[in-house]
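Enquirer: Here is how the chains run, residue by residue.
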Amino acid sequence: MKRFDIELVVGFFLLIGILSLGYISVKLGKLEIIGGSGYSVYAEFEKAGGIKVGSVVEIAGVEVGKVKSVKLKNYQAMVELAINKDVKIQEDAIISVKTKGLIGEKYMQITAGGSEKIIPDGGKIRETESAVDLEELISKYVFGKV
Amino acid sequence: MKKLIRKLGSWGLSAIRRMGHMFVFLINTFYYIFIPPFKFNLLLRQIRFFGNKSLIVILLTGSFAGMVLALQLFYTLRKFGSEALLGPAIALSLIRELGPVLSALMVTGRAGSALTAEIGIMRITEQIDALTSMALNPMRYLIVPNMVASIIVFPLLAAIFDIIGIYGGYVVAVDLLGMSSGTYFSQMENFVDWEDIRMGLYKSLSFGVLVSWICCYKGFYTGYGAEGVSKSTTEAVVTSSVLILIWDYFVGSVLI
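Those protein sequence lines, which keep their order, are chains A and B.
Note that this note's numbering numbers the first sequence so that position 135 is 135, with each residue one more than the last.
Start counting at 1 in the second sequence, then tack on 146, and there's your number in this note's numbering.
Derived lysine-lysine pairs resembling BS3-like cross-links, with alpha carbons at most 27 Å apart:
1) K225(B) x K106(A)
2) K66(A) x K88(A)
3) K225(B) x K100(A)
4) K98(A) x K225(B)
If you are wondering where the hints come from, they were derived from the structure by calculation, not from laboratory data.
Just chain A, same shape as in the assembly (with noise of 0.2 Å):
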């Protein structure tokens, strides 16, 4: 007589849970189990309007990076991004806010320079171009200064 195997079934159950528990939570959530691989770039802003912790970090369109903490140094966004080992970002490449499509969320875009010098581990982004203010700007058409 075949006996039922109580711990396979219960065994099996706790697995596709735990699976998907696992999956939502490393996929949709971002959750980094392995600690974060890659080094750490600073910029600092004027105005980084919109860019929270965990937004992306592109370079032609491609994810390279996150937003790892934006705070407030001598009146300016001082932003710490953490950026994959393998992408090498030149000493005169330009960091700028930029939006997905009208009213999308905040992004950062890198334009590769064309130095020789790479920025080190902790090194800084000198070239920077704030978020565009769209009420700033629509106001500005409205009252005729553009």
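Dock chain B against chain A, hints included.
Expert: Frame of chain A, contents of chain B only:
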């Protein structure tokens, strides 16, 4: 007039007494969770009872919840030309609200009622008294395995519900309504944060405690005879369903 006030007072007193009784029951349960010996086989049996047997109903409700969300949201979002947000809207509403709440309601209806009836019948046929008279603690044998099993099972069922719902929505959005599959998933990854998933987890954990607490309590202190068991089964399902929705609102407003 005096009679009326006295009646109100006695109602209030008995309500408070009942609440205190329920709370002592909960504390007792948690006390025995941490006191060995642990009844591991009973726990496995209850996990099967809560989890495996609820899988089919979770699969069905999850897939259709996701599908109907996709269908309704698609036509609403299209008015604003923002169909791209369909994926995140489905994922967020499933992970934050519908997954925990609907799976908890389903398990309450399927397993909670059966649990109350089972424990209630054990009470009226004096099996619980028999356990006590043999110096076996009925809390440890009947209540603790249920509590632990539902704490383990509810978050897992909610997660399965989320996944099934997201893929159900995917089928409708991509195959029926002609969205591109890339938009559906990539936007989802952008919008869903670990915070949202944690909130869903907290919710389903607390629902697990809530459901097994109420169902066990109602069965453990059931009334007399078959009528008493039927009454407490109904009460258990109704009370847990209502409390799930109320608690969902409170957790949501505190954690948001």
